[in-house]
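Novice: Listed here are the chains, written in short residue letters.
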Amino acid sequence: MITIIRNPDGSIKTWSEFSDNAAALLPGESLETVNTTFNEYSRRFTLSCAGHSGETLRFPCASGDLTVEVRCPGESTASLEINGVVETLPLIDGQAALLLSTEVPGTFVLKPADTARYCPAGQAILVIEVV
Amino acid sequence: MTYPLSSDVSAGQPTAAAHYNNLRRDALYFGQAPADSKPAGEFFARYAANLTVSYLATNRLRLAYSAYNPPAIVIGGCLLQAAASVDLAAGCFSGAAATYYIHAIRAAGSTSFTLSVNTTPTDNDTSRPIGSCYWDGANLSSIQSWYGSSPGLPAPGYDSGWFACAYNTTYTRVHGLGAVPKNHMLLHSASSDGSGENVLVLVGATTGGGCKSLVGFDASNAYITTDTASSGGCVYSRRRESGAGYYRLLCWI
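Read top to bottom, the protein sequences are chains G and C. One point on numbering: in my numbering, the residue at position 84 of the first sequence is 84, and numbering is uninterrupted. One point on numbering: in my numbering, the residue at position 203 of the second sequence is 203, and numbering is uninterrupted.
Since the hints were made in silico from the structure, they are not lab data. A portion of the hints provided could be inaccurate.
What the hints assert, rightly or not - Derived, one-sided and incomplete: chain C residues facing chain G with beta-carbon distance under 8 Å:
(1) A166
(2) T170
(3) E241
These numbers come from a predicted model, not from an experiment. All C-beta atoms in this analysis are idealised placements derived from N, C-alpha and C, irrespective of residue type, glycine included.
Just chain C, same shape as in the assembly (with noise of 0.2 Å):
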């Protein structure tokens, strides 16, 4: 396939139809035949990219400028380009918890974007959602990115930190997410201050033989039971046995 189809036209010479055509088609589908190809202008429609949120005291929200990945966004069919970070305005969260969504705001006259929040993901000419937050009626938390540019796991929407445990124990921790996390983690550490090997939690000893998995959620919090080995009721690893030493739980949503 060539590409482009349009070539340069000489001074004085008549520009053809064919000329405009292939120059049409060269802007529009990449030099492709129409049925080959989707119109440039619907192909980025929904490009977004380097929109990675995070948070700004106090309860608010960056979207951090990089020259090298600047944010980006096509909103409405316009091509829209921070050339700074973007922050959300003071006092956009109140009221009862809730999810709220963070938006990209397009205004005529403006080839970049502002940010707004609401409790539902409105989707128009002039807003595009490109991410999610927890407002739990005093905090943010949870914020996630859709078009982030961070590689890797986001940061965990809940940390409990260290804390002691001991098998044929409960253990409720107050997530906050306001919903069964999507993902988690529990490491189980021989020293308080998580020093050295941590060990992933998946399973604890039963008394008599055995094992269980530990953990559960709801929307509001975890709940860790220890199994009854005093040997391994707290992880049963063949990297670590422990009826007791200290959890870490990290959650995801």
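If we strip away everything but chain G, and leave its shape as in the complex, we get (with noise of 0.2 Å):
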């Protein structure tokens, strides 16, 4: 069993391995239970490159494009925002992976579009600088 916490526009701002108090809430936030574990959850939307996530990636300007993983289990499509853009990808067999380029030095800041079904944190952001 973990605990959820719903900002109060209803996305999820966070989840946790140990059951939270509602003392912990700040005005608007909820707090709802759901009956699995802390790592099926975390795995219900996952953003990596090169093997990592959960961590910011650096890699040098025109070194190649680079390819993220984007999983989302039991999922047909999963919509990304991509420095605020929006875009939906199809998945096969809840994975899908979208290149990014590298020509250009900036920073991609990736996550859920859907912040009410899939919360912005954890590995779902995936923040990725190029230098």
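Hey, can you piece these two chains together into the complex? The hints should help.
Specialist: Printed below as a string of structure tokens:
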């Protein structure tokens, strides 16, 4: 059993391995319990690149295209927000690959677009800096 | 310095005053002059060792016995040593949340001792406080052993478990310790099961440069406000930078 905290707008703020206390809520936030494991819930939506997730990655400029792996088990599509722009990817066996160019220096911030369904935290945010 | 001062007395040899006084000095002062040494009884009056208190279900306490390191304490000048684990009786905690002090209790006719708890650290000829714990009104936590034998850091009074984090967000965790923790550790993991390297979180990165610490406490809650940079708002370290991942907060009181 895990707990989920939602923001006042319904988006998921976080999920916790141990039960959260209602006293931990900020005004407008709400608490839910879900009968699953922390790891299982964490794998609902993950983004990774070069085998890494949950941490910021840096690649040199002009080092070739980067492949971001999107995993969303059991789904046929996944909507990503990439630097504020929403892109929907078709999934095969719950997975898709997204290519990012390193031709121009900058930062890619990738996260789920539907934040009421998938929490933009944990391994569902991926930041890649091209330097 | 000669030790011991006293010597064997042969059969039939009259015991001189010097024999008695040397023997007394050995017993009280380890053979030293009274001006140079505290009497043994005073020196050991505050002795206590191997008194590691642990949790015993439900809402009880146990002082575990070890034949190699038996629990021992001096109370009211009496040298007491447990011959088996000493358990606190059931039902000793009730009422409102409070810090309870754990006492070793001496009774006449016994060379061992029992346990009791009280909200005041009573110290007299029959009772010595040996630790503390926190009663939140329903459960025990933060058990502290003042004379424990366990080396290293005691178990934390609060463990948040892993929870997902993201940059520019405030997380409130209810530690329920009843006081601001004396120590804490915020760990960051890039994987949900905490495998791989856990990085100690000291600061997060601020958008546009710089960094700030993230954690605050009051007597009830811990507050973690991640910093604003998407690239390092959750952890900004030479070991890892991240604006997401997972936190685990450990607190000691």
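Novice: Just pull the numbers of the violated hints for me, sorted ascending.
Specialist: Checked against the structure, no hint fails, so every one of them is satisfied.
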